[in-house]
Amino acid sequence: DGGITQSPKYLFRKEGQNVTLSCEQNLNHDAMYWYRQDPGQGLRLIYYSQIVNDFQKGDIAEGYSVSREKKESFPLTVTSAQKNPTAFYLCASSWDTFSGNTIYFGEGSWLTVV
Amino acid sequence: EDKVVQSPLSLVVHEGDTVTLNCSYEVTNFRSLLWYKQEKKAPTFLFMLTSSGIEKKSGRLSSILDKKELFSILNITATQTGDSAVYLCAVDARRAQKLVFGQGTRLTINP
Numbered sequence: 345d346g347g348i349t350q351s352p353k354y355l356f357r358k359e360g361q362n363v364t365l366s367c368e369q370n371l372n373h374d375a376m377y378w379y380r381q382d383p384g385q386g387l388r389l390i391y392y393s394q395i396v397n398d399f400q401k402g403d404i405a406e407g408y409s410v411s412r413e414k415k416e417s418f419p420l421t422v423t424s425a426q427k428n429p430t431a432f433y434l435c436a437s438s439w440d441t442f443s444g445n446t447i448y449f450g451e452g453s454w455l456t457v458v
Numbered sequence: 348e349d350k351v352v353q354s355p356l357s358l359v360v361h362e363g364d365t366v367t368l369n370c371s372y373e374v375t376n377f378r379s380l381l382w383y384k385q386e387k388k389a390p391t392f393l394f395m396l397t398s399s400g401i402e403k404k405s406g407r408l409s410s411i412l413d414k415k416e417l418f419s420i421l422n423i424t425a426t427q428t429g430d431s432a433v434y435l436c437a438v439d440a441r442r443a444q445k446l447v448f449g450q451g452t453r454l455t456i457n458p
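So the sequences go chain by chain: F and H.
Under my numbering, the first residue of the first sequence is numbered 345, with each subsequent residue one higher.
Under my numbering, the first residue of the second sequence is numbered 348, with each subsequent residue one higher.
Read the hints as simulated data drawn from the structure, not as lab findings.
There may be inaccurate statements among the hints.
In silico lysine to aspartate or glutamate, EDC-like type, Cα no more than 16 Å apart, as pairs [claimed, not checked]:
1) H/Lys384 / F/Glu451
2) H/Lys350 / F/Asp403
3) H/Lys388 / F/Glu451
4) H/Lys387 / F/Glu451
5) H/Lys403 / H/Asp413
6) F/Lys415 / F/Glu368
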């Protein structure tokens, strides 16, 4: 089945450690995105990529890094520089930036820093 | 700066009630407004609105856009416990090349 796969679904991290969240899509989409969601807040854009080997900072990129070496993959690294990393992270993809209702979301990854 | 504001942030009603969720926006080069429902994980698409005054309906849900006053409403009639979710409003601004989301409205339907 076509879709977006995020892993892991749940992750615990000690303070000071980097962690990488995986996002893979087999929809042949050019554009991919990472959003963060905190309680009481909507989705905030961390990074997005319009095409392979290119990515742009979103609204809250500090403390995060990404890569886009392959069309189907857009991993997100939460570095130790991110002050409040505990959150729900959503990966998404679309044909381009932007096709409105044709954005597809993954199931999300819960990151907890202990 | 592009901005999307939803209200209320939280709403608790009884099954069978009708609810109205609000979304106002300030964006440059508006292209469309979208509503999503998020139950536990991935948001699922509900509506995309591009033109003022044209109501979109899907079962008990309906939505309309007012481009002059820069807002949209999402109505749910005869609510059911399965409607309990966070409802997200997002605006597609042509210049921004990304969706701008509101904070979401957490809707709880009590039996």
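Evaluation of the provided hints:
Of the supplied pair hints, the one linking H/Lys384 and F/Glu451 holds, its CA atoms being roughly 13 Å apart against a limit of 16 Å. Note on H/Lys350 and F/Asp403: the hinted pairing holds, with a Cα-Cα distance of about 12 Å set against a maximum of 16 Å. With a C-alpha separation of about 5 Å, the suggested pair H/Lys388 and F/Glu451 falls inside the 16 Å cut-off, and the hint holds. Taken as a hint, the H/Lys387 and F/Glu451 pair is honoured in the structure, with Cα atoms around 9 Å apart against an allowance of 16 Å.
Proximity of H/Lys403 to H/Asp413 is assessed by CA-CA distance (about 13 Å); at most 16 Å being required, the pair is judged to hold. Between the alpha carbons of F/Lys415 and F/Glu368 the distance comes to roughly 9 Å, so the proposed pair stays at or under 16 Å and holds.
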